[in-house]
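2 protein chains.
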Amino acid sequence: MNFSQQNISDVRNDISKYVIRTPVLRFDFIDSLCGCNVFFKCENFQYTGSFKYRAAINAIKNIPPQFKNRGVITHSSGNFAHALSKASKELNIPCHIVMPSNTPKFKKSAVQYYTKDIIECEPNLKSRELTTSKILNEKRLYFIHPSNNMDVILGNSTCALELIEDYQNLDYVFSPIGGGGLIAGTAIAIKNFTNNCKIIGAEPSNVDDAYRSLISGKIETNRTTDTVADGLRTNLGTINFPIIQQHVKEILLVSEKEIIESLNIILNNLKLVVEPSSSVVLAALIKNKSKFKNKNIGLIMCGGNIDFDNLKF
Amino acid sequence: MNFSQQNISDVRNDISKYVIRTPVLRFDFIDSLCGCNVFFKCENFQYTGSFKYRAAINAIKNIPPQFKNRGVITHSSGNFAHALSKASKELNIPCHIVMPSNTPKFKKSAVQYYTKDIIECEPNLKSRELTTSKILNEKRLYFIHPSNNMDVILGNSTCALELIEDYQNLDYVFSPIGGGGLIAGTAIAIKNFTNNCKIIGAEPSNVDDAYRSLISGKIETNRTTDTVADGLRTNLGTINFPIIQQHVKEILLVSEKEIIESLNIILNNLKLVVEPSSSVVLAALIKNKSKFKNKNIGLIMCGGNIDFDNLKF
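Chains as they are written, first to last, in this note's numbering: chain G, 20 to 332; chain L, 20 to 332.
Just chain G, with the same shape it has in the complex:
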């Protein structure tokens, strides 16, 4: 699947009034630590606290007309559920969310704020998909996958587009990889709008399906979901993978310890609230800093939804 400049520009024009043009922040501390010039694209400041809102609003704007009254459905325990429920409310489309029964309360509350139609399922992929199919068929809804969907990828591409408009001389842009929707969107923006900028993937070693998939040339699956980066536990999708194969030459792996250390740097030194899925990209840069000396590096901080309930005052 190829996307043109025009495809991406059209989507950006379509959704720009619904999304926040998030700031790009710089931190001397990080430049010194990493020995390069680092540009943080802060999607933690996006509506619903993650880049997923770009995807959700674009997907909702593009549903076929016959579904506008009946509505949409997705399965997600996290940021896409939050994003889709708000985007649907914004555009007045009914929204159903299938959510695992073990979803943390603060995430469920965020979705409940926008829709009452939350359907619980067992906490495994099979139950998610079965429950979704059942409701989808009963109510004749439109299914929007959180990452493996063209409108989602195009919505995501607007994040990197803004970043390279703000800073045109980036040598690399780092994106985390979970389902692959963000890095695929990042890749099509970078490839269409820059000449030499390269896309680097960052992935937890514990769920290194994308890393292994690039090597084997087919979609590999994870044997565990055991990572603190809860947004990156999912497997690559069939639409995302070929885009990633085409444009992403390198995926850097990081350990759980490295993810948490970089999260602590972002919270304590940069004073930004991000989730571990975001800190994965900083961890990958810190770990490999000798390879990126003096370069201009964009880091996509994909989201900021962490649970502060444990904070005591």
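Any given hint could be a false lead.
To be verified - Covered by chain L, per the in silico footprint, the following chain G stretches (three or more residues, Cβ under 8 Å):
no.: 1; region: 44-56
no.: 2; region: 62-70
no.: 3; region: 298-310
Claimed, not checked - Derived BS3-like pairs (lysine-lysine); straight-line CA-CA distance at most 27 Å:
no.: 4; chain 1: G; residue 1: K312; chain 2: L; residue 2: K127
no.: 5; chain 1: G; residue 1: K80; chain 2: G; residue 2: K158
no.: 6; chain 1: G; residue 1: K36; chain 2: L; residue 2: K314
no.: 7; chain 1: L; residue 1: K276; chain 2: G; residue 2: K126
no.: 8; chain 1: G; residue 1: K124; chain 2: L; residue 2: K276
no.: 9; chain 1: L; residue 1: K127; chain 2: G; residue 2: K276
no.: 10; chain 1: L; residue 1: K145; chain 2: G; residue 2: K314
no.: 11; chain 1: L; residue 1: K312; chain 2: G; residue 2: K36
no.: 12; chain 1: G; residue 1: K36; chain 2: G; residue 2: K108
Stated by the list, open to error - To give an idea of the interface, some chain G residues facing chain L are shown, with a C-beta separation under 7 Å as derived from the structure:
no.: 13; residue: F22
no.: 14; residue: V292
no.: 15; residue: G323
Note that these hints are calculated values from the structure, not bench results.
None of the values given here were measured: they were computed from a predicted structure.
We treat Cβ as the ideally placed atom computed from N, Cα and C, and that holds for glycine.
Go by the hints and put chain L onto chain G.
Quick look at chain L alone, frame taken from chain G:
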């Protein structure tokens, strides 16, 4: 004491290469919540995580020549200790910090990174001052008060100066009040560089010395230090108070509950790490939003040093 435009501009030129020009961030969520246009001046992104670095670097640059080898001393358990220790190291001046024995470990570690000369005292003002005097006399050091000092006030003024350069049509700027150094600095910048912008103080009800001082016309003291806004526990100084009397017509009080609620909004919705002393100003705006409808409001987020050790993953 009067300060001119020239005084403030000179200081800004002197220190601009040492400080971060912190970004001003906007959040639709807050504009909707408060019914006005809110501009967050993010000093949590300043070096050492607070506006105090502006004060510290200016004070260090202005010490009399005979003290350059012997060094400086202050008493502080928090942000000024951190700021002064880094500023001193930056300009190669020896720095001594008197710190209460009950200072949280993360704050002490931050200072230890820059200086070995930390002297513990009993956790009360009398012991702080006695210990400081003793070392000061023994070592013939230069004393820099964390808030009640002209160079400190002038350094602080550069924060509001940047804010009003970025947004020239502000109707109000809110500043927290602890020792009074930040709001005094804010006031002299606003009064010298704008025509109609007003300065609003925000203070915890539990330590409302500034509020009572404005009414009585003399410096009142606090009977307790019992507030979560640990940066605002100190009393007004003799240099700051007349400046505040002259320029600050209104101080808004907020409860501990309101401070914590607004802190949670900033962490969870805005995705910024700030300390409770910063959330006091948002709390004051939310509580009084009907008075500020449709106005352009600058809020100084004075710092972001909170302890995340309790966060569990």
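The hints, checked one at a time:
Requiring three or more residues with a Cβ within less than 8 Å of a Cβ of chain L, the coverage given for the region 44-56 of chain G holds, as 3 such residues are present. Given a C-beta distance limit of less than 8 Å, the hint that chain L covers the region 62-70 of chain G holds, as 4 residues qualify and 3 suffice. Given as covered by chain L, the region 298-310 of chain G fails the check, having 0 residues with a CB less than 8 Å from a CB of that chain where 3 are the minimum. Taken as a hint, the G/K312 and L/K127 pair is broken in the structure, with Cα atoms around 33 Å apart against an allowance of 27 Å.
Under the criterion of a C-alpha separation no larger than 27 Å, the hint pairing G/K80 with G/K158 is consistent with the structure, at around 20 Å. Note on G/K36 and L/K314: the hinted pairing holds, with a Cα-Cα distance of about 23 Å set against a maximum of 27 Å. Among the hinted pairs, L/K276 with G/K126 is consistent with the structure: their alpha-carbon atoms are about 23 Å apart, no more than 27 Å. In summary, the hint linking G/K124 to L/K276 is supported, as the alpha carbons are separated by about 22 Å, within the 27 Å threshold.
About 25 Å separates the Cα atoms of L/K127 and G/K276, which keeps this hinted pair within 27 Å; it holds. At most 27 Å may separate the alpha-carbon atoms for a hinted pair to count; L/K145 and G/K314 exceed this at roughly 52 Å. Using a Cα cut-off of 27 Å, the hinted pair L/K312 and G/K36 holds, with the two alpha carbons roughly 24 Å apart. Taken as a hint, the G/K36 and G/K108 pair is honoured in the structure, with Cα atoms around 15 Å apart against an allowance of 27 Å.
With 7 Å as the threshold, the beta carbon of G/F22 stays out of range of chain L, its nearest partner Cβ sitting at about 29 Å, so the hint is violated. For G/V292, the interface hint holds, the least distance from its beta-carbon to any beta-carbon of chain L being 4 Å, beneath 7 Å. Hint status for G/G323 relative to chain L: holds, with the closest Cβ pair at about 4 Å, below 7 Å.
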